[in-house]
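Asker: Sequence:
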Amino acid sequence: MKLLISRLVLLMSMLAITACGFQLRGAAELPDELKLLYVQGVNMQRDFGLELRRTLTRNGITVVDRYQEGAAVLSIIENNFERRVLSVSFSGKVSEYELERQIVIQLVDANSTMLIDAERFEARRDLQFDPDQVIGLGEEQRLLEVQMNEQLVQSILRRLSVLR
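Per mature numbering (1 follows the signal peptide of the UniProt record, and there is no 0), the sequence shown runs over residues -18 to -1, 1 to 146.
Simulated from the structure, these hints should not be mistaken for laboratory data.
Treat the hints with care, since some could be wrong.
Derived CB-CB ranges, DEER-like [claimed, not checked]:
no., residue 1, residue 2, range
1, Ile117, Ser69, 14 to 24 Å
2, Pro113, Asn41, 39 to 49 Å
3, Thr95, Arg48, 20 to 30 Å
Quantities reported herein were computed from a predicted structural model and do not represent experimental measurements.
We put the beta carbon where it would ideally sit given N, CA and C, even for glycine.
Throw the hints in and build the complete structure from the sequences for me.
Answerer: Encoded structure:
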(Lines of atoms letter the chains of each structure in order from A and count residues from 1; the text may use other names and numbers.)
(Lines give C-alpha, C1' and ligand atoms only; values in the text may rest on other atoms or scores of the structure.)
Protein backbone atom coordinates (compact mmCIF):
# COMPACT_ATOMS: atom_id res chain seq x y z
CA MET A 1 0.00 0.00 0.00
CA LYS A 2 2.86 2.39 0.86
CA LEU A 3 4.47 1.66 -2.49
CA LEU A 4 1.24 2.47 -4.31
CA ILE A 5 0.83 5.76 -2.44
CA SER A 6 4.44 6.80 -3.04
CA ARG A 7 4.13 6.04 -6.77
CA LEU A 8 0.88 7.95 -6.95
CA VAL A 9 2.47 10.97 -5.22
CA LEU A 10 5.44 10.79 -7.60
CA LEU A 11 3.14 10.61 -10.63
CA MET A 12 1.05 13.56 -9.42
CA SER A 13 4.21 15.60 -8.79
CA MET A 14 5.51 14.90 -12.27
CA LEU A 15 2.18 15.88 -13.82
CA ALA A 16 2.09 19.11 -11.81
CA ILE A 17 5.62 20.05 -12.86
CA THR A 18 5.00 19.44 -16.56
CA ALA A 19 1.60 21.17 -16.45
CA CYS A 20 3.16 24.40 -15.15
CA GLY A 21 5.56 24.59 -18.11
CA PHE A 22 8.70 23.64 -16.16
CA GLN A 23 11.77 23.01 -18.30
CA LEU A 24 15.26 22.06 -17.25
CA ARG A 25 17.71 24.94 -17.43
CA GLY A 26 19.19 25.10 -20.88
CA ALA A 27 16.40 23.08 -22.47
CA ALA A 28 14.59 24.96 -25.22
CA GLU A 29 12.58 24.19 -28.31
CA LEU A 30 14.32 25.91 -31.18
CA PRO A 31 12.96 26.47 -34.69
CA ASP A 32 13.91 24.02 -37.42
CA GLU A 33 15.59 26.84 -39.40
CA LEU A 34 18.30 26.87 -36.72
CA LYS A 35 19.15 23.15 -36.77
CA LEU A 36 22.29 23.97 -38.77
CA LEU A 37 24.03 27.10 -37.49
CA TYR A 38 27.24 28.93 -38.30
CA VAL A 39 28.45 31.30 -35.58
CA GLN A 40 30.85 34.07 -36.57
CA GLY A 41 32.59 36.82 -34.66
CA VAL A 42 33.66 34.83 -31.60
CA ASN A 43 36.20 32.12 -30.81
CA MET A 44 34.07 28.99 -30.38
CA GLN A 45 36.88 27.17 -28.56
CA ARG A 46 37.10 29.47 -25.51
CA ASP A 47 35.01 31.19 -22.86
CA PHE A 48 31.72 32.62 -24.17
CA GLY A 49 31.99 30.91 -27.56
CA LEU A 50 32.61 27.50 -26.02
CA GLU A 51 29.65 27.88 -23.64
CA LEU A 52 27.47 28.97 -26.57
CA ARG A 53 28.54 25.97 -28.67
CA ARG A 54 27.91 23.50 -25.84
CA THR A 55 24.48 24.90 -25.04
CA LEU A 56 23.35 25.02 -28.66
CA THR A 57 24.59 21.46 -29.24
CA ARG A 58 22.74 20.24 -26.12
CA ASN A 59 19.60 21.72 -27.64
CA GLY A 60 19.87 19.85 -30.93
CA ILE A 61 21.66 22.52 -32.99
CA THR A 62 24.53 21.46 -35.23
CA VAL A 63 27.13 24.23 -34.96
CA VAL A 64 29.45 24.23 -37.96
CA ASP A 65 32.96 25.70 -38.04
CA ARG A 66 32.65 27.01 -41.61
CA TYR A 67 29.65 28.36 -43.42
CA GLN A 68 27.65 25.72 -45.27
CA GLU A 69 24.76 26.05 -47.69
CA GLY A 70 21.51 25.88 -45.74
CA ALA A 71 22.98 27.12 -42.46
CA ALA A 72 21.59 30.03 -40.51
CA VAL A 73 24.24 32.58 -39.47
CA LEU A 74 24.50 33.92 -35.93
CA SER A 75 26.85 36.90 -35.92
CA ILE A 76 28.38 38.18 -32.71
CA ILE A 77 28.63 41.86 -33.66
CA GLU A 78 29.96 43.04 -30.31
CA ASN A 79 31.62 41.11 -27.51
CA ASN A 80 32.80 43.58 -24.88
CA PHE A 81 34.09 42.99 -21.37
CA GLU A 82 34.72 45.82 -18.95
CA ARG A 83 35.91 46.07 -15.35
CA ARG A 84 35.12 49.39 -13.64
CA VAL A 85 35.73 50.73 -10.17
CA LEU A 86 32.41 50.63 -8.35
CA SER A 87 33.45 51.95 -4.95
CA VAL A 88 36.51 53.09 -3.04
CA SER A 89 37.37 52.96 0.66
CA PHE A 90 37.95 55.97 2.92
CA SER A 91 41.66 55.73 2.12
CA GLY A 92 40.93 56.02 -1.61
CA LYS A 93 41.68 52.37 -2.42
CA VAL A 94 39.40 50.27 -4.59
CA SER A 95 36.98 48.19 -2.53
CA GLU A 96 34.63 46.95 -5.27
CA TYR A 97 34.63 46.47 -9.03
CA GLU A 98 31.77 46.02 -11.45
CA LEU A 99 32.27 43.44 -14.20
CA GLU A 100 30.15 43.82 -17.31
CA ARG A 101 29.93 41.81 -20.52
CA GLN A 102 27.88 42.97 -23.48
CA ILE A 103 27.03 40.81 -26.45
CA VAL A 104 25.23 42.05 -29.56
CA ILE A 105 23.91 39.41 -31.95
CA GLN A 106 22.40 39.31 -35.39
CA LEU A 107 20.69 36.25 -36.86
CA VAL A 108 20.05 35.55 -40.53
CA ASP A 109 18.37 32.37 -41.75
CA ALA A 110 19.54 30.23 -44.68
CA ASN A 111 17.50 32.39 -47.10
CA SER A 112 19.24 35.59 -45.89
CA THR A 113 16.12 36.73 -44.05
CA MET A 114 16.97 38.83 -41.00
CA LEU A 115 15.50 37.12 -37.92
CA ILE A 116 17.25 39.18 -35.23
CA ASP A 117 18.83 42.53 -36.00
CA ALA A 118 21.46 43.87 -33.57
CA GLU A 119 19.99 42.74 -30.25
CA ARG A 120 22.02 43.47 -27.09
CA PHE A 121 22.46 41.16 -24.10
CA GLU A 122 24.20 42.26 -20.89
CA ALA A 123 25.40 40.63 -17.70
CA ARG A 124 26.87 42.34 -14.65
CA ARG A 125 28.51 41.16 -11.45
CA ASP A 126 30.07 42.94 -8.49
CA LEU A 127 33.55 41.88 -7.43
CA GLN A 128 34.60 42.67 -3.86
CA PHE A 129 38.24 43.64 -3.56
CA ASP A 130 40.02 42.65 -0.36
CA PRO A 131 43.67 43.81 -0.30
CA ASP A 132 44.46 40.89 2.03
CA GLN A 133 43.16 38.35 -0.53
CA VAL A 134 44.77 39.61 -3.75
CA ILE A 135 45.82 36.11 -4.86
CA GLY A 136 42.20 34.89 -4.95
CA LEU A 137 40.93 37.95 -6.81
CA GLY A 138 41.85 36.59 -10.24
CA GLU A 139 40.13 33.27 -9.60
CA GLU A 140 37.01 34.97 -8.24
CA GLN A 141 36.87 37.22 -11.31
CA ARG A 142 37.25 34.19 -13.58
CA LEU A 143 34.34 32.44 -11.83
CA LEU A 144 32.17 35.54 -12.16
CA GLU A 145 33.03 35.73 -15.87
CA VAL A 146 31.95 32.09 -16.28
CA GLN A 147 28.64 32.90 -14.56
CA MET A 148 28.12 35.92 -16.82
CA ASN A 149 28.84 33.82 -19.92
CA GLU A 150 26.31 31.21 -18.79
CA GLN A 151 23.71 33.92 -18.14
CA LEU A 152 24.26 35.50 -21.56
CA VAL A 153 24.07 32.17 -23.37
CA GLN A 154 20.82 31.31 -21.56
CA SER A 155 19.40 34.72 -22.52
CA ILE A 156 20.35 34.18 -26.16
CA LEU A 157 18.87 30.67 -26.08
CA ARG A 158 15.58 32.03 -24.71
CA ARG A 159 15.57 34.67 -27.46
CA LEU A 160 16.16 32.05 -30.14
CA SER A 161 13.37 29.87 -28.75
CA VAL A 162 10.75 32.61 -29.22
CA LEU A 163 11.41 32.68 -32.96
CA ARG A 164 9.08 29.70 -33.31
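Asker: Output the numbers, in ascending order, of every earlier hint that fails for this structure.
Answerer: none
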